[in-house]
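Trainee: Now for the letters of each chain:
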Amino acid sequence: MAGLNTQISGATLTTFRPAEDLIIPDVKDVVEESVSGRAPEGSDPISDKTMVLNMGPQHPSTHGVLRLVIEIDGETVVSLAPDIGYLHTGIEKTCEAKFYNQVTPLTDRIDYLCPMTNNTAYALAVEKLLALEVPEKAQWLRVLFNELTRIQSHLVWLGTHAMDIGALTVFLYCFREREELLRIFEAVSGQRMMTSYVRIGGVALEPPVGLFKRIRAFLADFPSKIDEYEGLLEKNPIWIGRLKGIGYLTGEQAIALGVTGPPLRASGVDFDLRRDMPYSSYEKFQFNVPVATEGDVWARYKVRMLEMRESVKICLQALDGMPEGRYVAHAPKILVPDREQMKTQMESLIHHFKIVTEGFQVPAGEAMSAVEAPHGQMNYYVVSDGTTKPYRVHMRNADFCTLQALETMCKGQLIADVVAVIGSIDIVLGAIDR
Amino acid sequence: MSDPATNPATPEAVFGKEAVAAALADHAAVKGLEAFIVDAKWDRNELTLTVAPESIVEACKAAQASGYNFFEDCTCVDWFPTEPRFQVTYHLLSHKLKQRIRLIARVHGDTPSIPSITSVWPAANFYEREVFDLFGVRFEGHPRLTRIMMPDNWNGHPLRKDYPVEGYR
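Just so you know, the protein sequences line up as chains R and W, in that order. Note that UniProt numbering numbers the first sequence so that position 85 is 85, with each residue one more than the last. Note that UniProt numbering numbers the second sequence so that position 35 is 35, with each residue one more than the last.
Hints listed in this document are in silico derivations from the structure and should not be mistaken for laboratory results. Accuracy of the hints is not assured; some may be wrong.
Mimicking DSBU-like on lysine-lysine, the simulated pairs with C-alpha atoms at most 30 Å apart in a straight line are [said to hold, decoys possible]: (1) R/Lys93 to W/Lys161; (2) R/Lys302 to W/Lys98; (3) R/Lys284 to W/Lys96; (4) R/Lys354 to R/Lys98; (5) W/Lys161 to R/Lys389; (6) R/Lys98 to W/Lys161.
Quick caveat: nothing in here was measured; it's all calculated off a predicted structure.
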């Protein structure tokens, strides 16, 4: 793959071997046969022949740089092999060279649709290592912004999924609503997408005056917007025909293949970390977990639409019951002190200087945190050797496993349905490749 | 933080096989995996069980039988230059018990190799390929152990501790 461009520019076509350089071993035999143009002996050259089709890496419906090597028989998918790694940035290696605080901005960047959730997961793991108690207000703020992130991520999913299937209007509507959410994120953290708002020990800043009112206005309006999307899509015979009965995944298959989040719940498995293994005071919120039993693309669509409505409920509860108090824990040797304190107190200045230049030590050990991200279960596994930098950070992203299940979902379907299935599993390649 | 209601007996930290077996006698994983445990620790509300690399497949089957139905991830920690160098880590989740356990297998650094658990959980497929790609640990019996993140002609395994973070090699 890496040497491909140089081979072409060197114009030495004799050294350019597509069958060896490009093709994934599983379908190599098939490709060699199609390259040489010979059918296997004793077979009917027309009816027995399958074709290998490369979809991606830069196909509008692959949501990034996902390459799918699809073997098709006529229009039916015989096998499908995802080829990933085009966005591999080695972010886990980079984490090992940074202080614990400096890793937080990196966690934004692995999944640009749910930065707050990634921040939360990382902060929870480090807080577990430090045995740091987080104030209640910070926990509730995390819940509030995690749920707003879920709505934001699902809006991008709905827009792109609908666009894959040809419904462009919904895409524009979804991005209209998402814009208001991004402005809310900007108001609270100064950034639209790479927020870094959730920090170790709490959150970065007190939300500005008037923001809660603005969020309330959005939440009051948003359920009618969901009605609007559903009105556009669910009465549309093309949308129904393209979604129902496509891309089946049973509950057993989903568990065996490690699928989490909405695709798992759409297959009839009733498991949600927010309800079943609560973190960050989710146990204090009342909400339903949408579950569907069909396991097809339509079920995944319905589960996410219902999830957005539940998220609105959780956000309203968080706004109504937002506790008073500090938004960040009191741990002067671990957390950067307030700006005002720094100007007046010598100790705060010293702590700030030490934390910024030397970082803070984390007791040796290992910790795993798991949160329910919009795409599924997001785990951070942090290993500390007692120094100021993490020894190892591993990010388990739901999309990585969901992609493994793509072949199971697409086998036997038509090639055009692969596009619908990719849209329904809602993957972000930045999170898969890391 | 894990919930004390769903996790039995939560002392602060317990190290060693016997101590963990005594402190967490009614824990499903401690009972179910008794035959395979080499070492154990209970730390920060998390149970870590060390098993021998050659018995990882049987240990995973035993864990599955004890209710840990969901494979979360498989990763590796490079403890260079100590031996055994690689710590292959598996996280298993139980939907019913609402618990998580961590299985650890220590693998030597000269020709690192461990049996593949794809026969128990197909979900391990991509994760084992990733560990093979980035750490160079071979998973015997894996259906298709090829590089997944790096190009096929890449030299070295980037997440090893003796691989530089930046600059040319």
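Trainee: Which of the stated hints cannot be reconciled with the structure, identified by number in ascending sequence?
Mentor: none
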